[in-house]
Every structure is written in C-alpha cells, then in structure tokens.
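> Below, each chain spelled out in residue letters.
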Amino acid sequence: MNIFIREMRDHRKGFIIWSVVILVFMVMAFVEFEAYYDNPEMAEILDNMPRGMLEAFGMYGANLTTINGYMSIVALYLYIMLGIFAVLLGNNIIGKEERDKTGEFLMSMPIKRYRILISKVAAAVANCFFLTLVAGAGIAISVNRYNPDWENVKYILQLLLATFLIQMIFLSLGLLIAASAKAFKKSSAISVTLVIVTYIISVIQSLSDSVEFLKYFTPFKYYQASEILKNDGFQGIYLVLTLLIVFLALFGVFFVYPRRDMKL
Amino acid sequence: MNIIETHDLTKYYGKSKGIEDVNITVKQGEIYGFIGPNGAGKSTTIRTLLGLIFPTRGSAKIFGKDCIEKGHEVRRSIGYLPSEIFYYDRMKVRDLLNYSASFFEGDYTNRINELSEAMELDLNRKIEDLSYGNKKKVGIVQGLLHKPKLIMLDEPTGGLDPLMQKQFFNLIREENRQGATIFFSSHILSEVQQLCHRVAIIKDGSIIQVEDITTLQKNNYKKIMIKGENLSKRPFDLKGITNLTLDNNTLKFFFKGDINQVKEKLQPYKIEDLLIEDPTLEEIFMHYYE
Chain A
1 MNIFIREMRD
11 HRKGFIIWSV
21 VILVFMVMAF
31 VEFEAYYDNP
41 EMAEILDNMP
51 RGMLEAFGMY
61 GANLTTINGY
71 MSIVALYLYI
81 MLGIFAVLLG
91 NNIIGKEERD
101 KTGEFLMSMP
111 IKRYRILISK
121 VAAAVANCFF
131 LTLVAGAGIA
141 ISVNRYNPDW
151 ENVKYILQLL
161 LATFLIQMIF
171 LSLGLLIAAS
181 AKAFKKSSAI
191 SVTLVIVTYI
201 ISVIQSLSDS
211 VEFLKYFTPF
221 KYYQASEILK
231 NDGFQGIYLV
241 LTLLIVFLAL
251 FGVFFVYPRR
261 DMKL
Chain B
1 MNIIETHDLT
11 KYYGKSKGIE
21 DVNITVKQGE
31 IYGFIGPNGA
41 GKSTTIRTLL
51 GLIFPTRGSA
61 KIFGKDCIEK
71 GHEVRRSIGY
81 LPSEIFYYDR
91 MKVRDLLNYS
101 ASFFEGDYTN
111 RINELSEAME
121 LDLNRKIEDL
131 SYGNKKKVGI
141 VQGLLHKPKL
151 IMLDEPTGGL
161 DPLMQKQFFN
171 LIREENRQGA
181 TIFFSSHILS
191 EVQQLCHRVA
201 IIKDGSIIQV
211 EDITTLQKNN
221 YKKIMIKGEN
231 LSKRPFDLKG
241 ITNLTLDNNT
251 LKFFFKGDIN
261 QVKEKLQPYK
271 IEDLLIEDPT
281 LEEIFMHYYE
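Taken in order, these protein sequences are the chains called A and B.
This note's numbering puts the first sequence at residues 1 to 264.
This note's numbering puts the second sequence at residues 1 to 290.
Chain B extracted, bound-state conformation (with noise of 0.2 Å):
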C-alpha cells in the first residue's frame, strides 16, 4: 500500500515557483529520503502535504485520502517535525506536549514520559527559556507522541548535538520496526544514506532522481584533496576521474572507483595534506547526472 502519493503536485507562490509536477510515491514501512539544497521545494511539499498550504494544481494523497480535502483525518495518523521549531513561548514544555496529545483521542502521558526521557528533556522549563536544540527535542516527542503511522522529518538533524542524533536515529528506526513509515527531508546526503531505503532527490522544485539507496551509494563519488611537492596531473589520469585540477601545489579531483588505485598512483610522492571527503549535494548534482 502506497502512504504517500502525489499527482503532478505542484505550488506556486504567486509568480514563484515552490514545486513543480512532483510525483513520489511512498510505500508503506519505508523510511523515504526526500533530498536537495536549501529552497530545492522540501517544505513546500511537506507543507502542501499537511495541508499548510494548499496546492496551485496537482493532488496528494496519504493513506489512499485526499490529503486536501480529508486532511483533518490524515493528519490524525501523521507525526510532524518541522525544520524550525516555534511553539507557545509561555508555555511549559508538559503544558505543551499535554496540548498536543489533547488533539488525539486517548491518553499518552506514559508516552509523553518515555520519549521524554529517552531525548533527556525536561519538562518543567519553559519553552521561551530552551536552546535551539532543546526545543527540537521538544518538536521530536510533540511529532511522536501519538504513535504516528506516518513521520514527516523535515531537516531533523539540525541544532542536535552527535550523541542526541544518534539517539534520534535510534527512536526513529524503532518506530519504523513497529510499522510506521518516514518521510525524512534533508539536505545532508551521508545522515539520508544512514537512514533511508530510498531517496528522491528534488531540484529547483522538480523531483530529478528517485533512487535505492544501494545504487546511490554504488555511485559514490569521494571529493579527493592531495597537497605535497612536486604532484603532476599525469599519473591521476585514471578511469573514475573527474574534474582534476592542480593549483599551488594542491591536486583536487572527484573519484569513483576502487580507492586502492588512487593509493598505488600516491606512492612515490611526499605528501603534507590528505583528504577524501563525500561531495557536497551541489558537487553530485553536477556529476553525477552528467
């Protein structure tokens, strides 16, 4: 059964374009990586999806009903976390997680506690007085807290420190175990190619790519940064290759490919500075689909 699916979905603010013709289609229990640059149409299709805003023309579907017109319904079964998080300053985080849950039939204080405790997250401050990422955490159990079939994660990640993210993965992947599907929005390639079973890739508003995630890492290009003495472009004149340029005494090239033959290729040289890196969204967008 598909839990998400679009139709030529498409917004315009006024004359700007947000997405365009953007057709996905998420199955159920799959944990869906939406990826692409900063104003690349993320939010504006998470948005159209909740119903935040509605569609210029196109139609979505969640669970088989319109997410427009039955969007009060859909949204029952749907955990939201937003990129920013903004909630009722005044309010104690317990005041507002208890908010929260009251738009939800049944009790789910137990709930409340145990999320709260895995993401360490106290609920008796304000949420006026909380760090940028505390005030994630918050978003994380509000998004959670009714057991959602459904996960929108849009950009997730940001102001959480490594240990918190990690426990995040941790809590998102056990409540895909249990059944229920992620949407995860990101524009950082390497937390999608831990998360997800399959990526789409979205560009100036337009889906590009939809991708397993074992292709997407079989085509993985390193970004291969070489600094040392006397280095010439010749013997990096390999297969797998691109881009290579050398400029003050720095040699830079894109590889795919097996690793040991760029090693073999450095052993005659003195080499002061090694790095080998994953690209940069934008570097694989201009290579990979060449």
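Pulled out of the complex, with its shape left as it was, chain A reads as follows (with noise of 0.2 Å):
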C-alpha cells in the first residue's frame, strides 16, 4: 500500500497537466460543434471532400450535425491522447527507477519484486481510470447544452468505456517495454512510436480494403466509434483480443522484472 501511495503521489503533477490538457481539447472541441449542430450545409460540405482524407481523421460516414456523429470523431482523438499518456505511464513508473537510480533503494527493501509490480500497475491503472473520468466530465459539460438523450449518454459512457480498454492495452504494452528495455530513453521512444504506428495502421487498414486483416493489429479498430454506434456496442472478438493482449503484456512484465538486473 505504501509503494501504491507514493506512486499516486508521484504521478500527480503529470496527471494534473494531463487532466487539463484533456477538458480544454474537450472545450475547444465543442466550440467548434456549434458550427456543425443541426446545420446542413455543413455536412453538405463534408460529404464533398476526399474520403482518403476523412477517413484519416475518422470522419468518414460520420454525421457531424448530431452529438453522437460528432462524438464518434471526438472518440479517435481521446483514443489517442489517453492511449499516449497509458503507453507513457506504463513505460515511466517502472522506468523511472532506474533512470533516476531509485531502485538502488527500492530494490533493496525488504520486499519481493512482484509485490512493488502489483502497487505500480495498480496505481497506473488507477491513474488511467480518473483520467477516463476526467474526459468523460469534460464532456458531460461541454454536452450539457444540448439536450443529449439517453441515447447520446449511453454512446458517450460506450466510448468511455472503449477509450478506458485502450488505455489498458497500451498501459501493458508500455509496461512491457519498460520491463524488458535495456534503456529508459529508448523504452519511452519505442512506446509513443507503438502508438503513432499502431494509429497509421488503423488509417491505412481504412483506405485499402486489400488490408483487412490488418483491423487485428491496432487497437484503435478494436473500438473504432462509427462501428460501436452502428453496432450499439462492442464486437466480442475484440474484447477477447483486448483481455488477451493485457494479460499476455502483463505476464511478461511479472516475467521479466523480477528477474531483470537493475541497470545502476
């Protein structure tokens, strides 16, 4: 409980930063809703342009006058802001002891290493639930005024929902890089280029339909807005595949750490 404490102590700042970044990108989003509610011409203007380049920015099909169309855009960016800070504070909280050579201390308490393991993913998870919840108030907010339905409020919580279990995907994922790296600067590179790279495959997997098989390998497919509105919910082969990737991710972590020699 203590390394738990010490660990949410610690990621505070960032998390702040973080949660403030999050609600003005929801604001800001907003504002710019104004022009798109309820106004035809716009999405008329919408449908003109290349589908090449609304499908990169996941507007494709997406009917932007309506909280849900336009939500369904909004989703890919939270998508991948959440998604960098889960890879970056996976990466960061096993990381950081020995870049800043704390485990020097850490590692020679009178503890096992799986149990500081358990606090510091417990504490990251945590992390990423509340900033999950700082998105989701930010748009309850920036929602409000325009009368959502129980229908735009079950939409909303389904992207929440999804935007949590991508964070969790690439929260292991960078756990698993920062357990097995041989080098802090080059863990942290490695996890923001694995979500960079992992959002271009989606966007290529959209343009090209030769590349279908491609829709496995990026978890930003996994709960792509437009599919989770036409679905009204999650496809089951992806939540398998999404518990499949954590648990296998966090499996090698409590490998690999527990053995690993701190780099001093």
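No wet-lab data here; the hints were simulated from the structure.
Every value quoted in this text rests on a predicted model; they were computed, and no experiment measured them.
Glycine included, each C-beta is placed from N, C-alpha and C at the ideal position.
Hints are supplied without guarantee of correctness; some may be wrong.
If you want the footprint, here are the derived chain B segments under chain A, 3+ residues with CB under 8 Å [stated by the list, open to error]: (1) 77 to 87; (2) 97 to 111; (3) 186 to 200.
To list a few chain B residues with every Cβ distance to chain A over 10 Å, as calculated [stated by the list, open to error]: (4) Asp21; (5) Asn38; (6) Leu123; (7) Thr215; (8) Lys256.
Join the two chains, each given in its own frame, into one complex according to the hints.
Structure (structure tokens):
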C-alpha cells in the first residue's frame, strides 16, 4: 500500500497537467461543434471532401450535425491522447526507478519485486481510470447544453469504456516495453512510436480493403467509434483480443521484471 | 555463525566480467573490510548480495538464507548505504525516511530523530535541494533506521567532511558494539585500517587475499620521498627498501621496517623536503604481493 500511495503522489502533477489538456481539448472541440450542430450545409461540405482525408481523421460516414456523430470523431482524439498517456505512464512507472537510480533504494527494501509491480500496476490503472473520468466530465460539461437524450448518454459511456480499454492495452504494453528494454530513453521512444504506428495502421486499414486483416493489429480498430455506433456496442472478438493482449503483456512484465538486473 | 557466505559467486554483464568465483565469509559481529580499486567488483558483489542484480553462477547466503530466493526476508535485517545516493527528488527528507521505515515492521520515528540529530540532518528540506554530502547523511540515516543486523556500506565516506566522517565512524562502531555486523567496502586503505577487523582484497573481480587487519598493518609499506642536494642511492641500499629511484635531486622508495633506520641514514644530508605517506592501493598490490 505504501508504494501505491507513493506512486499516486508521484504521478499527481503529471495527471493534473494531462487533465487540464484534455478538458481544454473537450471545450475547444465543442466550441467547434456549435458550427456543425443542426447545420445541414456543413454536412454537405463534408460530404464533398475526399474520402481518404475523412478516413484519416475518422470522419468518414459520420454525421457531424448530431451529438453522436460528432462524438464519434472526438472519440478518436480521446483514444490517441489517453493512449499516449497510458503507454507513457506504463513505461515511466517501471522505467523511472532505473532512470533516476532510485531502484537501488526501492529494490533493497524487504519486499519481493512482484509486490512492487502489483502496487505500480494498480497505481497506473487508477491513473488511467481517473483520467477517463476527467474526459467524461469534460464531455458531460460540453454536451449538456445540447440537451442530450439517453441514446447520446449511452453512446458516450460506451466510448469512455472503449477509451479505458484502449488505455489498458497501451498501459500493459508500456509496462512490458519498460520491463524488457535495456535503457529508459529507448523504451519511452518505442512506447510513443507504438501508439503512432498503430494509429497509422488503422488509417491504412480504413483506406484499403486489401489489408482487412490489419484491423487485428491496432487497438484503434477494436473500438472504432463509428462501428460502436452502428453495432450499438462492442464486438466480442475485440474484447477477447483486448483481454488477451493485456494478460499476455502483464504476464511478460511479471515474468521479466523480477529477474531483471537493475541497471544503476 | 556466518552472516555472509558466498560460494563461487560470479557475475558477468554480458561478456564483461563483474566478479568471478568470489568466496568470502563474514562472521557475526565483525567489521569486514572489502577493499579494492575502482571497478574491481565491490559494488557488483554488494548488489548481488542485495538481489539488485542476479549472479551468473554461484550462490550466496546471508543469515544462512539464500540471498536471492529469500531476498525479501534477508533484507529485513540489512541496512544498505550505496556509494551514490539517489532518492525521489521531490520528497522531503522526513517523508523519504518515513517511506523507508514503512517497509519495516514497527515505529521508527524516535530512531529517525536520534540519527538525524547525530548526523546534523535537516528533515524538512527537499531531497533535490541537498548537497552531495547531505544526501549521504540521508542515506546513512535511511540505512540505519531499522536497526539492521547487517550493515552494508559501499564507499560510504565520499562527500562527508572529516568531522562528519568521524561522527559516522563512531555511529558504525556503536552499531557494531550493539551486535551489528558491518560489511565495509572502500578503496581507501587508511579508513579500512581504522575501522575493520578483517579485510578482503578484491582486484579485477577476484578476491586475492583475506587478512587480519593486524597482519596487514605489520606488512605496512611506507612511501617515502626525500628531496635534497647531493643525495645518492648507495647509503639507502637497506633491507626493507624497494623501488629505489633517484631523479632530479629527489629520492623515492618504499620502506618496510623500523623507520629509525631511515632516519639515521638521513643524518648527514641537508634535506629540503621529506614526505612519508601510505602507499596507494595500487602500489600495495604491486609490492605487497611480489
């Protein structure tokens, strides 16, 4: 418990900064929404834009003049931002002990490494969860004045759950990268690259039907907002994949890290 | 009872050797010196014993328990002071010490206050604002606060001024008197001689000698430098003098034996300068084991 509290405190500052960024983003996104809301002309302009461009920004086939349609686009940015937060957090919470050489202190305490890991993972999950809540709060404040109905609320909750699940994927991968990387600098670069590459894969996959299978390699496709809207929920296969990735990555972390030489 | 016992303890970092076949036994109540030049494998040995890194081969027992398998149990009774102190920068000293104490059963508030007072440590400052020496003091308090039965010190005196160093040695002697075993790594011979009962000498990752401190002192070479006019080598061709050189009116040699002999030989000369000092560790290695 002491390590958990320590980690929560240690990441408080970063968490607050991220919260502010996300809240500001939400407010700005919905200022923009004012121009689209109930405005058929805007929809027409968008319909005439090239498909490739719309796909890249996750806007293809979305009706931006409704709350749900607009949310389906905002969701992508939420996924990317909170995904980066999660992967960096996972990477940092493990890697910092060696980067700052504090591992010499922590690992010489009378505690097994896997218990240290449990506390760290718990603190990281809590941080992701609370950041999802912050994003939810930002959406709630912004959407409120457009009088959302139950369908809107339900969809937003689904997107928030999706955001959290995407965070879990990237968090566990960030943890795994840090636990197995030789040096912290490299591992944080690899972590961010991972988010960007998986995003690019998701764009490529949308643009070309010949690489259909790529959808399994990018979490952004697992919880594509337009699909969630269309299907009114998640697809089982992707939930299974999510669980599998998180489980395997954590298994790797708990296998590798307790056997790792501290590089101090 | 042996507090530390290693069997062919070996650590390779990839292909480069850290330590090889280290066999040492540290008995209860000892102050055991672990001496060797930088990069000889002192920190590697200590870190392996603490489970920070894992041996390539061989094993080690502390308090009779395997230091890897039962590492977390063993570390309950170990206090460790690393050669360089790194803590969470944004924490206050008091919070850091309380955090450290939270890993051990019991209440250590009084002990923290006592030790901090002895080391003149300000508990309300932030770690990042501390000087090197003050960080060292935090390390000392943190390493000793849970009354460890085994205290591992890795080059502990760096950054401490002579007064603090003395205070620290007193603290260590007091812990030892109360039953703690001390494992003291250093590259400074004089401080090991001052404190330790027994000494292991490590070089290039291998233990080359384990000696009682009295034996080491008996074989103590002095490094002597004499500067003056008309000096010549011949009168100094004594037993106990080695590596005699004369260069630029300066006579240099190592000497082991009764220093009065040298004094007599110096009588007829007018000396400008005279320096008698302890040889460096490297020099001891070169001459002590010829």
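> Taking the closest pair, is the beta carbon of Leu123(B) still more than 10 Å from chain A?
Check passes; 17 Å lies beyond 10 Å.
> Using Cβ atoms and 10 Å as the threshold, tell me whether Asn38(B) really stays out of contact range of chain A.
Since the minimum Cβ distance to chain A is about 16 Å, Asn38(B) lies beyond 10 Å and the statement holds.
> Verify this label for me: Asp21(B) is non-interface relative to chain A, using a Cβ-Cβ cutoff of 10 Å.
19 Å, holds
> Hey, is Lys256(B) genuinely clear of chain A, shortest beta carbon separation above 10 Å?
Holds: least Cβ distance 40 Å, greater than 10 Å.
> Against chain A, does the stretch 186 to 200 of chain B show at least 3 residues with beta-carbon separation below 8 Å?
This one is violated; 0 residues, fewer than the three required, reach chain A with a Cβ under 8 Å.
> Counting residues of the stretch 97 to 111 of chain B whose CB is closer than 8 Å to a CB in chain A, do you get three or more?
holds (count 5)
> Could you check that no beta carbon of chain A comes within 10 Å of the beta carbon of Thr215(B)?
With a cut-off of 10 Å, Thr215(B) remains clear of chain A, as the shortest Cβ separation is near 33 Å.
> How does the coverage statement for the stretch 77 to 87 of chain B fare against chain A, requiring three or more residues with Cβ below 8 Å from a Cβ of that chain?
holds (count 6)
Going down the numbered hints, you'll see the structure goes against just number 3.
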